[in-house]
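Asks: Here are the chains, one letter per residue:
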Amino acid sequence: MKLESKIPAGPLEQKWTKHLGSIRLVNPANKRKYEIIVVGAGLAGASAAASLAELGYKVKCVIYHDTGRRAHSVAAQGGINAAKNYQNDGDSVHRLFYDTIKGGDYRAREANVHRLAEVSVKIIDQCVAQGVPFAREYGGLLANRSFGGAQVSRTFYARGQTGQQLLLGAYSALIRMVGAGSVEMLAHEEMMDVVVINGQARGIICRNLLSGQVTRHSADAVVLATGGYGNVFNLSTYGRLSNCTAIWRAYKRGACFANPCFTQIHPTCIPVSGDYQSKLTLMSESLRNDGRIWVPKKGADAKRRPGDIAEEDRDYYLERMYPAYGNLAPRDISSRAAKKVCDEGRGVGESGLGVYLDFSDSIRRLGESAVRERYGNLFDIYREITNEDAYKAPMRIFPAVHYTMGGLWVDYNLMSSIPGLFVLGEANFSDHGANRLGASALMQGLADGYFVIPYTIGDYIAGIKPGSRPSTDAPEFVAAEAQVTGTVQRLLSVKGRQPVSHFHKRLGKILWDRCGMARNARGLEQGLREIPALREEFWANVNVPGDGGTLNQSLESAHRVADFLELGELLCRDALSRDESCGCHFREEHVDAEGECDRNDDDYAYVAAWEYAGEGKAPILNKEPLVYESAKMVKRNYK
Amino acid sequence: MRVNLKVWRQPGPHARGEFKTYATPDLNPDMSFLEMLDVVNDELTLKGEEPIAFAHDCREGICGTCSLVINGKPHGPHRAVASCQTYVRSFKDGETITIEPFRAKPFPVIRDLVTDRTAFDRIMSVGGYVSVRTGAAPDANSIPISKIDSDRAMDAAQCIGCGACVAACKNASAMLFVSAKVGHLGLLPQGQPERYRRVLAMVNAMDDEGFGNCTVTGSCAAVCPKEINLDFITRMNRDYLVALVQEGVGRKGAKEGAGG
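Sequence order for the protein chains is S and D. Residue numbers for the first sequence follow my numbering, beginning at 1 and rising by one. Residue numbers for the second sequence follow my numbering, beginning at 1001 and rising by one.
Quick caveat, the hints were computed from the structure, so don't treat them as lab data. One thing to keep in mind: the hints can contain errors.
[Unchecked claim] Which residues of chain D face chain S? A partial, calculated answer using Cβ under 7 Å: (1) Glu1035; (2) Glu1060; (3) Thr1065; (4) Ser1125; (5) Thr1134; (6) Pro1144; (7) Asp1231; (8) Thr1234.
[Claimed, not checked] Cut-off 35 Å, straight-line C-alpha distance, at most; resulting in silico cross-link-like pairs (DSBU-like, lysine-lysine): (9) S:Lys252 x S:Lys303; (10) S:Lys509 x D:Lys1105; (11) S:Lys303 x S:Lys60; (12) S:Lys495 x D:Lys1147; (13) S:Lys392 x D:Lys1092; (14) D:Lys1006 x S:Lys495; (15) D:Lys1105 x S:Lys58.
[Said to hold, decoys possible] Partial list, computed: chain S residues near chain D (C-beta under 7 Å): (16) Arg69; (17) Val74; (18) Arg136; (19) Gly179; (20) Gly181; (21) Leu210; (22) Arg240; (23) Ser273; (24) Ser278; (25) Asn543; (26) Gln553; (27) Ser557.
For each residue, glycine too, the CB sits at the ideal point set by N, CA and C.
Model the full assembly from the supplied sequences, consistent with the hints where possible.
Replies: Shown next, in the form of structure tokens:
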């Protein structure tokens, strides 16, 4: 497949402006003749659906929740970046662009990242106008905090609930359009397939989660904003329902899947406590503004109470290893450092898989009430889960799967390799390269939905004749529906001896061991043998009780896990073929003298876009070369 | 430890429901309440019985999906947490725990412990927003907002839309939810142009959905996982009164006039 990134010509700083001036527009009177399906109503989906409806398009918004307010964007805690330079600390569009490119270890597409930095400033304006109650200073102006991978304060926040507040803002814009009759919400519907006719995406197949009814929906364009696939690891900070089904089915219809092995392991999460565990809870990166991370210098001290370990016996390892950034080193680096000290036997807590995040210095410096004001809700969450008071003793934290930089491949217009199928937010691969900086996920989701897709989709729609939407009786629709109903029947009829969760847990363990924070060829090859075997076992031995005609949560989860069992294999395949270390992708064979990633720009400065080749066949690797016109590919240095 | 679960089972919206009791396997006290249900469900599956349907997603108290009445109290024994943030250690070994769905006429049961709360969306769609188009916003710092107002708006905006307030209320009133939405926007300068239109439309929609009236017993605030304060109901009532005078009465009069 020939991948055309469609990056506009001209200097980096002018590409987006020039592009906006040259792409095709759709006549306002014609817009209502076009129907666009948006799948998902998180930050990217809700902002896109609302903005497209405001422009006049007919919009259908498909969600598996009961309401758009539940999408997992809601759980983002710390903040959203924007190059406002309200702090006068030297921030600029260029600096945000540069930090993001560098943070992603030079594996992101330069033009997309620059556009992201440009529109970041408008996002904050938009959110404030919607009534998002960002934190403010006493003078009434907006407050900022710092996040990892940056030396300026450019992060806007609403206590520890920034994602919730931004989502409620986007939801309010969406629900306004629902009230106006411009958006039709299809709640409790899961997208099961994309319908491709003559090479173009012309609709989707949905399954109603309450009635089991399978329905066909035709459209002029389909927008997927279905989030990331981190739950392939089973244990993650994602909501339990987050899944890969929409993007995976699109992949099997011809949309390339880019950099699937780029998965973010977040350094500060509450450690695992038992094998019943269903999810891991994040402790916001913002805590690293005032918390100091340490482990004992000697493994013998690991089981002692933290308060009994003298200052000189503590190793504040991030401050020691990365003096310039200290506790605010980027996520991939901080996670790996935590793994390293735990591998050395210095990890704390019962399992030995934990490090301390200590606030005692800040409490001494600022007072407990100031710390409570900044992070109170996070300390509360910590207490609920662990039954421990982090004002008195340090938190114990450990890295956990948190985000996926990989996703469906898109061009500069956010269109996948299936014409008419657009992909936004975490579901696409675009802006974060091999590692995402903190507070940049919210920025990208809203940038894509509010300020990119409303324009770029017009360029595609302008090429479609109004009223040419296919009938849902077209053979492609009928066949896709039959396939969905067939899968439902197949899952229900196995009647094996293990619940779905059994397979999900085992898949997660394989991926964490083989394709987690550190990877090597031997382990990945092992994973590539283990996963197909587990998949076979799943289809022979899974037990999905009940029927397909009512709310059946086991069936929902069986669908999702079946797709994860296929996707997991692609993760390992991608990680094996990328024979270098970069960002989150740490191949143990490629380590420099200082223990950091040994990147190989000569051979791997490309986006790996995997193309489905059919059942039982190895997927085809397409490469989009990463050409940097402005930034120089240099070694990342946070020391 | 082990407990017994007395759970509301109802196969569908129109089917008859009943309580059934299940003995749990050995539990770790550090398990979350929902993880306990996961374990029980896996056991039921292996025994060939249908697992208990319950709503959940984020499991960290922010998405508002989980919605259990535990021992008669929405979201369980503790203040200021959602069902998913309740842990097994809060119960006694051998205890029988009763689990029911949020019960209210506007929240019909879908299955077992899952209810339909889309009535909230319909209330939101008539006014729970600031009418601003994408791209039409002025610079974010062009309107200073006092930290006090902004913080109070945030207190209201924290509402996760779970509906525990409705489940706790003997009248199934949605006043705490609606007042949180109205209060959040009403405290900010951006919300002023539509302030009175909003309160009128949302209160009317709330009534149309069949939610009951408020008699200020405060049971809603007592179970709210985000501790939304009753003061917001007072604020909303004041705004509603002003709205009635300002436009409600005027419009009604105009309508009657036209009809006559």
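Asks: List, from low to high, the hint numbers that the structure doesn't satisfy.
Replies: The structure breaks hints 7, 8, 9, 10, 11, 12, 20, 27; every other hint is satisfied.
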